[in-house]
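Trainee: Protein chains in written order, with this note's numbering: chain A, 4 to 169; chain S, 252 to 768.
Hint data in this document are derived by calculation from the structure and do not stem from the laboratory.
Predicted, not measured: the structure shown is a model, and the values here were computed from it.
Please note that a few of the clues may not be correct.
[Said to hold, decoys possible] So the derived label-pair ranges between C-beta atoms look like this:
hint, chain 1, residue 1, chain 2, residue 2, range
1, S, A554, A, G110, 46 to 52 Å
2, S, S322, A, S16, 47 to 53 Å
3, A, R156, S, R353, 51 to 57 Å
4, A, R156, S, G378, 41 to 47 Å
5, S, G764, A, D164, 44 to 50 Å
6, A, D164, S, R353, 39 to 45 Å
7, A, D164, S, T733, 50 to 56 Å
8, S, A338, A, C151, 39 to 45 Å
Don't be surprised by glycine CBs; every beta carbon is placed ideally from N, CA and C.
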Amino acid sequence: MAALPHSTPYDESQLLAICERFKHEPGPLLQVLHAVQDCLGHVPTEAVPRIAEALNLSRAEIHGVISFYHYFRQRPVGRHVLQICRAESCQAMGSRTLESHAQESLGIDFHETSADGQFTLLPVYCLGNCACSPSVRIADATFGHVDCAAFDRLIADLSADSEGDA
Amino acid sequence: MAQHKIFVPRDTTSCALGAESLAERLGQLIAVDGLPLQLVRNGSRGLYWLEPLLEIDDGESRWAYGPLCESKLEELVAARFWENPGAHPSCLGKTEDIPYLRDQQRITFARVGVIDPLSVAAYREAGGFRGLDKALTMQAADIVAEIRDSGLRGRGGAAFPTGIKWQTVLDTPAPQKYVVCNADEGDSGTYSDRMLMEGDPMALIEGMIIAGLAVGADRGYIYLREEYPLTRLLLDEALEAARREGYLGERICDSDHDFEIELRLGAGAYICGEETAMLESLEGKRGEVRAKPPLPAVAGLFAQPSIINNVISLASVPGILADGAVEYQAYGVGRSRGTLPFQLAGNLRQAGLVELAFGNTLRSLLEDFGAGSRSGRPLRAVQVGGPLGAYLPESQWDTPLDYEAFQAIGAMLGHGGIVAFDDTVDMSLQARFSMEFCALESCGKCTPCRIGSTRGVELIDRIRDGREIEQNTALLLELCDTMEHGSLCAMGGLTPYPVRSAVRYFSADFEPGAGNT
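With the rest of the complex left out, here is chain A (with noise of 0.2 Å):
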């Protein structure tokens, strides 16, 4: 598949200096994952090495660290990342219903990414918004009461957007 049109290319100067901005402070390797994930949409595996060696850590330091963590992920991602929640709060207000709503009607499982490229969906658990469940997260913004008619008009935002860009 052709790059994703959001991800950034992998620039290895870019990373170093992510490292070397962290790599004295005690403890810096999430830190520097986060930082590299901002900046790269994903930590990518040529990274790994690179980061070893500049924190002074082995490679299955690093990938034990990245595996271990939901957030932090080894591949390119949609233009929009789409978090449902699954927790019991949502449960308890139809989030089931919408999981299976939201994956039949972008044809993607969780941890995937729609054939065009636009849409990735992640499930989360608690995001906080619990007095006004089920909640969903794009980017930054968090949305409450999101029945199956309210996603379908997230979704429809984010495309008429994603159109306006092209």
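Given chain A, put chain S in place with the hints provided.
Mentor: Relative to the frame of chain A, chain S by itself:
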């Protein structure tokens, strides 16, 4: 012309319900029409079914309007509602007279939703930093004694006496000590940490500074979950404001003490709310639980003595110092002193934050405050204390809300999250989710949690399929015992609570033809 202050919350849930676009529209109207109004972004009052809630201050009282959409706002502005704020027909009255708020005991949340959270001046004016002023004149041991005497217990869920933790750190000599705030509020149905950090972050900052003075630590960390992006933004701004005003950095408040706070982000791992896993994560490692001893108070972050407290515990500290332990002690029952901010969530009409002294009942929260289910159907099960808390049927709803009373019925108050389900809930499916969640989030260090949770999912699947229900249920309960007694931490140790409670109180949902598909 006199300016009226107008408050529109900047809080995750308020914004999820439209507060951001409302504030934007109001800002435009003020600018374009030159209205005599000053827009203030506050935290949320926690009356979430009324959000976005707009308040207008007439100099004496604050009047509430909500839930407000842009067209209603334009109507209000057209009617020049600020000229007589309480008179407009859509006014809900004075905010503080709304029964949901009036009937609470807001101590820790006294300022949340009231002041501009990013203004040090507003915080001071509302009584902030009185505790710190006092602490700066006290001996470290006296600060610790004040906290111990207040009876404050950790509000993160485990309810360990805060004063004892602090005493241990104080008594352990070390070149470097730390104050770590656990802001990894991962329990479903809980959001009080988030509200506090968004609505009154200075209280947390003040609490951490006092903790530093109490044990001789000059460095603090806030471990915030990644799922709270707006909280991060607001906390960053609040820390910067506190730094500008000399509350953080070298020689704080012109004293001989230094104190600095760094905000670090989690990365979507529930287990990092467990204190030792959080320490590992702060150190940049996999969030694997540590065996205790040593206690973190003796060898915590970077192997140094560390205070680890939840957001609400730390934010309770300034008030205790300012008004004294006796005042705080006066609230609550038995060994549960003070107040707990309960968070009503799930299927409730009036979901929101209810801070009350310990001792009320769950029923009162669900009915008097929550006003019953949002769906209109009868409530059937209520999970208290997050994903590791028990599901309680109506027969248990009169249990007093205090730590010991809940423990006595095999449940826990935890961090105060209350998630209500109506009668469409399938409790065998909920039990399955508890095991599934444990399997997903287990750090993997101990066997009962890592393997037990997966076997638990399989057993519940067999029961739901109607296969050898009796034997498999017995095996499931035996597995629960193994997990409870053999796990290293509360993740595997408490997952049996929701599972067992589902089996015990809702056995019909585990029988053949219970509606499982």
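Trainee: All hints are to be evaluated individually against the structure, with a verdict given for each.
Mentor: Results of checking the hints against the structure:
no., hint, verdict
1, S/A554 with A/G110: 46 to 52 Å, "50 Å, holds"
2, S/S322 with A/S16: 47 to 53 Å, "51 Å, holds"
3, A/R156 with S/R353: 51 to 57 Å, "37 Å, violated"
4, A/R156 with S/G378: 41 to 47 Å, "44 Å, holds"
5, S/G764 with A/D164: 44 to 50 Å, "48 Å, holds"
6, A/D164 with S/R353: 39 to 45 Å, "43 Å, holds"
7, A/D164 with S/T733: 50 to 56 Å, "51 Å, holds"
8, S/A338 with A/C151: 39 to 45 Å, "41 Å, holds"
Of the numbered hints given earlier, the model fails hint 3 alone.
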